Every structure is written in C-alpha cells, then in structure tokens.
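Chains as they are written, first to last, in numbering that gives the first Met the number 0: chain A, 0 to 125; chain V, 0 to 175.
Bear in mind the hints are in silico, worked out from the structure with no lab data behind them. Some clues are possibly wrong.
Claimed, not checked - Computed list of lysine to aspartate or glutamate pairs in DMTMM-like fashion (alpha-carbon distance at most 25 Å, straight line):
| hint | chain 1 | residue 1 | chain 2 | residue 2 |
| --- | --- | --- | --- | --- |
| 1 | A | LYS118 | A | GLU44 |
| 2 | A | LYS82 | V | GLU168 |
| 3 | A | LYS51 | V | GLU90 |
| 4 | V | LYS169 | A | ASP81 |
Stated by the list, open to error - Just the calculated beta-carbon pair ranges, DEER-fashion:
| hint | chain 1 | residue 1 | chain 2 | residue 2 | range |
| --- | --- | --- | --- | --- | --- |
| 5 | V | LEU79 | A | ALA55 | 32 to 38 Å |
| 6 | V | SER110 | A | PRO39 | 55 to 61 Å |
| 7 | A | ASP81 | V | GLU148 | 39 to 45 Å |
| 8 | V | SER72 | A | ALA104 | 29 to 35 Å |
| 9 | V | LYS104 | A | THR56 | 45 to 51 Å |
| 10 | V | SER72 | A | PRO54 | 28 to 34 Å |
Just so it is clear, the structure is predicted and the values come from calculations on it, not from any experiment. Even for Gly, the Cβ is constructed at its ideal location relative to N, Cα and C.
Each chain, letter by letter, is given below.
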Amino acid sequence: MTIVAERRNVLTGIVASLAATVSAFRFSALAHNGEIHAAPPTNHEVEIKAFKFVPATLKVSPGDTITWTNRDLVPHTATAHDKSWDTGRIERGKSASITCRQGMATAYFCRFHPAMKAKLENSTDS
Amino acid sequence: MMIRHVFIAMAAAAAIGQGTANAQSPADLNDLQIAHVAYVADNIDIRYAHLALAISSNPDIREFAQTMIRDHSAVNEQALALLAKLNAQPEDNFLSRSLQENAEKLIDEMSGLRGAEFDRRYAENELAYHKAVNDLVGNAFIPNIENAEVMALFEAGLEIFQAHEGHAEKMVGMLK
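With the rest of the complex left out, here is chain A (with noise of 0.2 Å):
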C-alpha cells in the first residue's frame, strides 16, 4: 500500500538522519578533546596595533582558533601570563594562531614588551 510504503519511508529517513547527527557529535567530541561543542568553532582575529591587543578581551570557546596580526614596525608575541602558551615571534606584518583549550591560561601579554596585556573569556561563562 501507498500509504505504508511511505510510511517506511519516513522511518528510514528518521532512522537515517539520526545517524547523521549522532555520527556528527561524536566527531565533534573527538575533535575537541572529550568537550561538548555544539556550535562549529570560531576563528577570532586579534590586531596588534600601537602596541596594544585589539580587542583587549576575546571572548572564546574550546576548540576556538584565535589568530594575532602584528600591524606595527616591531616584532611582538601572544604569550600566556604563566608561558604555558606562546605564539612565538610575530614579525611585522606577520600573523599567528593558537587553538583554544578548556582550562587554558587566559591573561596573556607581549615577551618583548611586558606592559602589552589583554585576556580571553570563556564564552560559555557569560
């Protein structure tokens, strides 16, 4: 009959699209090391201009990716309070990336220039 045809249908699909989405999570449990991530990750670019981080306060998530740009003449660096995570020597003009983690160092400043400081906020905190 027409109409259990379709409904068989239906349950294929239903069954099929479940997959999908529990095939789906699992990736993106693995690929955030265990946490829970729902929304695809972000990549947040921070200027470093004027010897400042612009913005001062990011707002990011696990598995977020943030990428510095050095806009001045001088090389700087994005280095965590506690050095337990360094993007190393950005060169004028240059850029570079870290990956977000849970439980990262959030204050972080600039090696060469101390007073450089800015932060990163969970954004789940909020």
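Given the coordinates of chain A, assemble chain V onto it according to the supplied hints.
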C-alpha cells in the same frame, strides 16, 4: 711647535663646535638631517644594549636589552628602506655628532661598573635617554618634518620609544 699647532687646532674646533651648536637648533634640521639623528640615536641605544648583555646577569635587564636591540634594529631597517625609496642619503649634523659624543662618554663610564651598580645605571640611563629622545622627536622633529612618509615613520617610532620609556621606568623602580 707641533704641540702649539695641535692646541690651536683644538681651540678652533671647539669654537666651531660651540658656534655651530648655538647657530642651530633641532627645529632647524631638514628631513634628511632628522632621519640621520634618529638613525644615530637608534644605534646608540643598540650599543648600550650590547654593553648590558655583556655585563649584566639580571634577567629583566637582559630581556629589556634584547628588546632594545630587536626594536631599534626594526625601526632602523624601516628608516633605511624609506631613505632608499626616496633615493636620499642621511645627512650628518651638529645634533647627531653631539649625541654620539655623549654616548661615547656614557659607554666609557658604564663599562667600568658591575653587578647591581651597572644594572641601576643602565636602567636610569635608558629612562633618561628615551625621555630626551621622545621629547626631541615629539616636540622638535615631528612638527617640522615635511615628507609625509618620513613623518609616518617618526610617529610610529615615537609610539615605540614611548613604550620603551614606560618599560625603562618600571625597571628603574624595580631596581631601587
């Protein structure tokens, strides 16, 4: 006879030096002379920094000195690139010569110091030197530079040297 000649020559040179200093003020310098003063000033600070790396074992002083070498070299690289682009040669002048002479004296003095005494003297000099250069750049050079590209470089330079001045100030406070 020879000695008398040397004396006369020295007296004449001193008189010329004095006369030149009186006749000119930093505000009278042209863009190429200003560029040369900045280049000499950058190199002087790089020399102070190398002296600090040779003498000091204080990690903060060493880190600061490395930043001075890195930043002043970057500014000089830009300055040379700009001069090449403008097809211009920097011009020696009374102010660049006077900066150089003072630097020689300071390097002689600081070379004789060791330990905490050197660290304090180096930090104090970095603060005083950046203050003096920033005053010169901000008040005498920038208002008188004619070329827009040279101006942009000096504005960027001033920003950098002001950050150094702040850094030096913190260091002086820490070493007291």
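Each hint, compared with the structure:
no. : hint                             : in the structure
1   : LYS118(A) - GLU44(A)             : holds (13 Å)
2   : LYS82(A) - GLU168(V)             : holds (24 Å)
3   : LYS51(A) - GLU90(V)              : violated (34 Å)
4   : LYS169(V) - ASP81(A)             : holds (20 Å)
5   : LEU79(V) - ALA55(A): 32 to 38 Å  : holds (33 Å)
6   : SER110(V) - PRO39(A): 55 to 61 Å : holds (60 Å)
7   : ASP81(A) - GLU148(V): 39 to 45 Å : holds (41 Å)
8   : SER72(V) - ALA104(A): 29 to 35 Å : holds (30 Å)
9   : LYS104(V) - THR56(A): 45 to 51 Å : holds (47 Å)
10  : SER72(V) - PRO54(A): 28 to 34 Å  : holds (30 Å)
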